[in-house]
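Given chain W, put chains Y, C and L with the ligands in place with the hints provided.
Residue numbers (the working numbering), protein chains in the order written: chain W, 1 to 105; chain Y, 106 to 360; chain C, 361 to 558; chain L, 559 to 1138.
What the hints contain is simulated information worked out from the structure, not anything from laboratory work.
It should be emphasised that the depicted structure is a prediction, and the values quoted were computed from it without experimental measurement.
Ideal placement from N, C-alpha and C gives every residue a C-beta, glycine not left out.
It is possible that part of the hints are untrue.
[What the hints assert, rightly or not] What the simulated footprint calls covered on chain C by chain W, stretch by stretch (three residues with Cβ under 8 Å from a Cβ of chain W suffice, anywhere in the stretch; the number is not a length):
| # | stretch |
| --- | --- |
| 1 | 382-395 |
| 2 | 489-500 |
| 3 | 513-526 |
[Claimed, not checked] Quick list of the computed label-pair ranges, beta carbon to beta carbon:
| # | chain 1 | residue 1 | chain 2 | residue 2 | range |
| --- | --- | --- | --- | --- | --- |
| 4 | Y | Asp201 | C | Thr417 | 24 to 32 Å |
| 5 | C | Pro527 | L | Gly709 | 54 to 62 Å |
| 6 | L | Gln624 | Y | Gly328 | 16 to 24 Å |
| 7 | Y | Glu350 | L | Ala898 | 40 to 48 Å |
| 8 | L | Ile876 | Y | Asn200 | 36 to 44 Å |
| 9 | L | Lys582 | C | Ser525 | 20 to 28 Å |
| 10 | C | Tyr514 | L | Pro626 | 39 to 47 Å |
| 11 | Y | Thr337 | L | Leu699 | 47 to 55 Å |
[What the hints assert, rightly or not] For the chain W half of the interface with chain C, some residues (derived, Cβ under 10 Å), not all of them:
| # | residue |
| --- | --- |
| 12 | Val18 |
| 13 | His36 |
| 14 | Ala42 |
| 15 | Phe47 |
| 16 | Val49 |
| 17 | Lys53 |
| 18 | Ile70 |
| 19 | Ile71 |
| 20 | Leu77 |
| 21 | Ala79 |
| 22 | Val83 |
| 23 | Ile86 |
Now for the letters of each chain:
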Amino acid sequence: MGDSAEEIRHHIKGYFLVYLALMVLTGVTVGVSYFHLAIHWAVLVAFIVAAVKGGLVAAIFMHLNNEKKIIYWILILTAVLAVGFIIPVLMDVEISAYTQRHIPQ
Amino acid sequence: MDKPYGWWLPINISTHGKPIDDLINSLHWFMLALFVGWGIYFVYCLIKFRARPGHKADSTEKHFRLPTYIEIGIAIFETILLVFVSYPIWSSVKNDMPSDSDSLRVRVVAEQFAWNIHYPGDDGIFGRTDPELIAPEDNNPIGLDREGDPNAKDDIISINNFHFPVNKPVRVDLSSKDVIHSFGIPVMRVKQDAIPGTVIPVWFEANQTGSFDIMCAQLCGVGHTRMRGEITVQSDEEFKAWLAEERTYLGLEEG
Amino acid sequence: MSVVIPYVSKPHPVTGVTNAKLGIWLFLASEVMLFGALFSSLIVLRVGSTDWPVGSTILNVPLAFVNTIILITSSLTMVMAWASLKLNNLGKYKMYMGLTILLSFAFLVVKYFEYSAKIHHGLSPATSNFLGIYFTMTGLHGLHIIGGIVVNAYLWIPGAKMWHSDPERFTGRVEVAGLYWHFVDLVWIFLFPTLYLL
Amino acid sequence: MSSAHGEIHAHGDGHAHEEGFWRKYIFSTDHKVIGIQYGLAAMAFLLLGFGLMLLMRWQIAFPGIQIPLIGKALTQDGVLSPELYNQFGAMHGTIMVFLGVVPMAVGAFGNYMLPLQIGAQDMAFPKLNMASFWVNFVGGLIMLGSFLMPGGAPQSGWTSYPPLANIAPPSQTAWLIGMVFLITSSLLGSVNFIVTAIQLRAPGLSFFRLPFFVWTQLVTAFLLLLAFPPLEAAGVLQLMDRVAGTSFFMPSGLVVSGEILSNAGGGNPLLWQHLFWFLAHPEVYVLILPAMGIVGEIIVTNTRKPMYGYNTAVYAIIFLGFMSFIVWAHHMFMTGMGTAISSFFQATTMIISIPSVIILTIFLLTLWGASIRYTVPMLFALAFLPMFAIGGLTGLPLGLTASDIYLHDTYYVIGHFHYVVSPGTLLALMGGFYHWFPKITGKMFNQTLGKLHFWGTFIGMNGIFGPMLLVGMAGVSRRLYDASIYQAAKSVQPLNVVMTYSSWFLAAAQILFLVNLFISLRKPKTPAAENPWESTTLEWTAPTPPLPHQNFPVPPHVYRGPYEYNTTSREFAPQALQEV
Ligand code: HEA
Ligand code: HEA
Ligand code: CUA
Ligand SMILES: [Cu+2]
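Only chain W is shown next, with the shape it has when bound in the complex:
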């Protein structure tokens, strides 16, 4: 991150803008939830908004918008593994065609 007082002041503006954005988006999620959209739409919207908010926090508050390579590599690896966990699990646990689940014995 830039270190001169000038840049810092510039950053600070950014922080407040992000703060506003986060507030607005929070309002949006809650607002949308009152429309009682079909579940998959609701999930989609909620997730997109959450992703944007998370992105903002990570990028601006946590300075991921300009961080060192090594940090990026660590996070990429982590993301890959996390995804690599959930996908097979979901496929096995729910879409496994060979077991009929939730049948009381």
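Below, chains Y, C and L with the ligands alone, put in the same frame as chain W:
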């Protein structure tokens, strides 16, 4: 034929077991070859290159091709095993469920520490079960609704004694009352975990009569060790006769 | 003569980060796996269930909304605390850090009311897997908040002495604490919709 | 070196006066002291785990017969009860994996050697390092305490599968809490390791000049860092199931001993297995990677030539580490898995065997054209190769669903993994012990006793685990208190007896080890221990033992690769050596 159990695979009396045995055996020959091959080289090095007066290590940069080829060979062999041997066997075990018409269909409900075998009776329909109705004392360990459900009237429940006819596919719907068990019949090359809350179909067909062990293969508590069942493979007549016996024993009227 | 560990305050010439910075990111990576696993479990349970309620029918959305606002605000004050140090303004730092801690307590108080209301209505983790996962995840998140409070409180008064001996290192520490705090905020940003709204 | 010596010791002693006993030996932040603390704790746990197994092995070989001597102390009729059998089995697994081998391989060897081998004065976060040991220690105490709880120690296997674990006696809760401590400790530790290895390398020590051991420790740390959290999550969930009455892992309508469980249901037992194995598979590579690192160091040192294809080995290790995250479900083939997913996991399982083959091949090719010195550590390292080969190769039939149908949860599995963890990892660890003992203590051990210890251990272990593979082939299930009621087991009972006698033989061999340890410690320091194997890596250029805190009198500078044996005019050129 020779004695059923030894220090290697026991006899196989299932129709689908042959390829499994072939896979296990060929794979072990392959492993042995690798091990012996490498082992010979290994021992050779240990002797040839031992430290001794006048012998100096040769540190010049070298590159050997052969090992790379061997590694590639191993990779290819594994791929072949996976694609052309393991996959077909597994998919037939998983997918080729026999149709109800030409197969015997039973439910097996595992519990601590026994195997409940549930035959649908002559109507071929399993009676409804309900945990509330479970009453081991009057031969109803799986909560069969004998009063409520007409289909249940002729159902037969046998504990740890699994009789079925030879040369006829058997389809088992496997489930568990309490914890995870594993339905293992070594001579039948069958093993399937029984997961509570799910029903998992298993099929097999015996090509030889006799009686053998069912072993529980998943730790299920203090009685895991004695959770032993017995399969009795018999001719169709003998099987029918046995069913009749059971029916009278349970005091059921003819279906 | 005692240990001299390099790169505690100055970044490593090659990696460009200090030990603490690298350390915290690694820690956060493991945290991602932790909450990732919990979210995965939530999905598995939900997809597998036949009667998963819509969060808003059971949980108190307004309270959670307030808490979201509180947490986001605390994130802002946290980053401002760091920025003030960058601007060599210890006084402002103390103010912002104080605010952050205050807000974190506010969050916990609201959570307390939320929980006690549930218990009062006889809704416990045992009631349903939905409530179970709700209590588990928000509870774990709450523990993270408490952890953050401890760290921040230390940096607020006692730890601040370091500002006079080694300002660079102290600023680094605040930044690291900030990264952790923003992560806790980030987790909540995902928890809020998944538990309360869907 | 020796000229600088007196002055170095002045440092050491001067330092000793600064801190009192507690700061110096108990709550020390010195990575060397912490390493030794880990080592002693781990050794105790390894012996305990072995002890439990000796009792179990007696019951397996002589079912229902009184255990000699101590039998009466355990049960009134002196026969091991099925309850105790399950408890000991579960705790043997837990202790050996989480409190024995990992603390020994990572906590002890990693902690002690990593900073030295990279020329650092200490870990990046010394206080964190101390914390991670003590958290681990508490975890260990909780695990031990669980033996005394009503209903006895945890008894659901080291895998703790629900629903069984959910309905198990209270000690299972202790197991979960203990695990949370052990996991936390590992997380702190691995952060520390990674930062240290990346940031604190001595000037000139580029990544591809790192000793192989450091690489294995680095990859291991990443495995621990990213694989453990899911188990922590699973632990929390099972804890909730047990104490808060949730049913994350329990479907509804379970009937346990005639009673219908009242829990809300809707849970999924397989969820636990996925979370558990997502850790536990990488965990098994955590058991083997440091061992490979140690073996690499020892073999290269005693062949007096550079490692063949060092770079390839490094890439293989990294690839192995990554792949180990996506093979976990090969432990779950028999849970009703479909063809699609099982194919994926079979494929990854076959793929992961390749880097292992490569690494072994590299070790073997390093022997070509060498001048092999049969020192005690070298014996252990060489023995590791075929042992790991057997263990690894027997993994292949397990990795294919078709053959796993028959082999799953038989003693074949037990044989497979013991060949990798016991004659594999343990031999490597013992080798590492003899390799570094001189540097750590400044004393030499007794060579003859060392060799006897090796042969005893080597023969004993093979006597146990070789027959085990056959018992498995005969179809005997694992975790059986008394298999004698099964036809399959009757035919292999003689093998069980052989195995049990071998385990006593193995135990006897360990007595030699302990004797050697104690008499060696009581010997005076000798300069011969400075660099007895004439190794090149940095730890051997440090004073003996390395200075408390700080390690090196002057921070070393690195001028060359890790294994320059006979590559220059010198017989061996230490990394810190500038001119040749
Ligand atoms: C250190 C520990 C370790 C290691 C390294 C491995 C390595 C491997 N394991 Fe193992 N495994 C365990 C520990 C380990 N395993 C444990 C603890 C269990 C049981 C858990 C439980 O259920 O309790 C288990 C169980 C287990 C299963 C589940 C079995 C079942 O429950 O049904 C499977 C299935 O795929 C498997 C596969 C493999 C494979 C393919 C490898 C591969 O990585 C192996 C690759 C190595 C090779 C292929 C050898 C290559 C060498 C050569 C070719 C050279 C040969 C010759 C000379 C040098 C002389 N393992
Ligand atoms: C790292 C893991 C590890 C290790 C090392 C061992 C070591 C041994 N194991 Fe174990 N074992 C497991 C992990 C391990 N085991 C697991 C996970 C299970 C499954 C549990 C379950 O079912 O849930 C199991 C199960 C298991 C069974 C099956 C029980 C059953 O299914 O009913 C058996 C049976 O014989 C057995 C035997 C042995 C024996 C004889 C040893 C011997 O090799 C012991 C040798 C020990 C020593 C020789 C001590 C060595 C240490 C020192 C002397 C100090 C060395 C000092 C330094 C290195 C500095 N083990
Ligand atoms: Cu049932 Cu083991
Ligand atoms: Cu595995």
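Hints and how they fare:
1. 382-395: Since 6 is at least three, the answer is holds.
2. 489-500: violated (count 0)
3. 513-526: violated (count 0)
4. Y:Asp201 <-> C:Thr417: 24 to 32 Å: Cβ of Y:Asp201 to Cβ of C:Thr417: about 46 Å, so the range 24 to 32 Å is violated.
5. C:Pro527 <-> L:Gly709: 54 to 62 Å: 57 Å, holds
6. L:Gln624 <-> Y:Gly328: 16 to 24 Å: 22 Å, holds
7. Y:Glu350 <-> L:Ala898: 40 to 48 Å: This hint holds: roughly 44 Å between Cβ atoms.
8. L:Ile876 <-> Y:Asn200: 36 to 44 Å: Since the Cβ atoms of L:Ile876 and Y:Asn200 sit about 38 Å apart, the hinted range of 36 to 44 Å holds.
9. L:Lys582 <-> C:Ser525: 20 to 28 Å: About 26 Å separates the Cβ atoms of L:Lys582 and C:Ser525, which means 20 to 28 Å holds.
10. C:Tyr514 <-> L:Pro626: 39 to 47 Å: 58 Å, violated
11. Y:Thr337 <-> L:Leu699: 47 to 55 Å: 52 Å, holds
12. Val18: Cβ of W:Val18 sits 8 Å from chain C, so the hint holds.
13. His36: 8 Å, holds
14. Ala42: 6 Å, holds
15. Phe47: 8 Å, holds
16. Val49: This hint holds: W:Val49 lies near chain C, its Cβ roughly 7 Å from the closest one there, short of 10 Å.
17. Lys53: 5 Å, holds
18. Ile70: With a minimum Cβ separation of about 5 Å from chain C (threshold 10 Å), the hint on W:Ile70 holds.
19. Ile71: 5 Å, holds
20. Leu77: With Cβ-Cβ at 8 Å, under 10 Å, it holds.
21. Ala79: This hint holds: W:Ala79 lies near chain C, its Cβ roughly 8 Å from the closest one there, short of 10 Å.
22. Val83: 9 Å, holds
23. Ile86: 4 Å, holds
Of the numbered hints given earlier, the model fails hints 2, 3, 4 and 10; all others are met.
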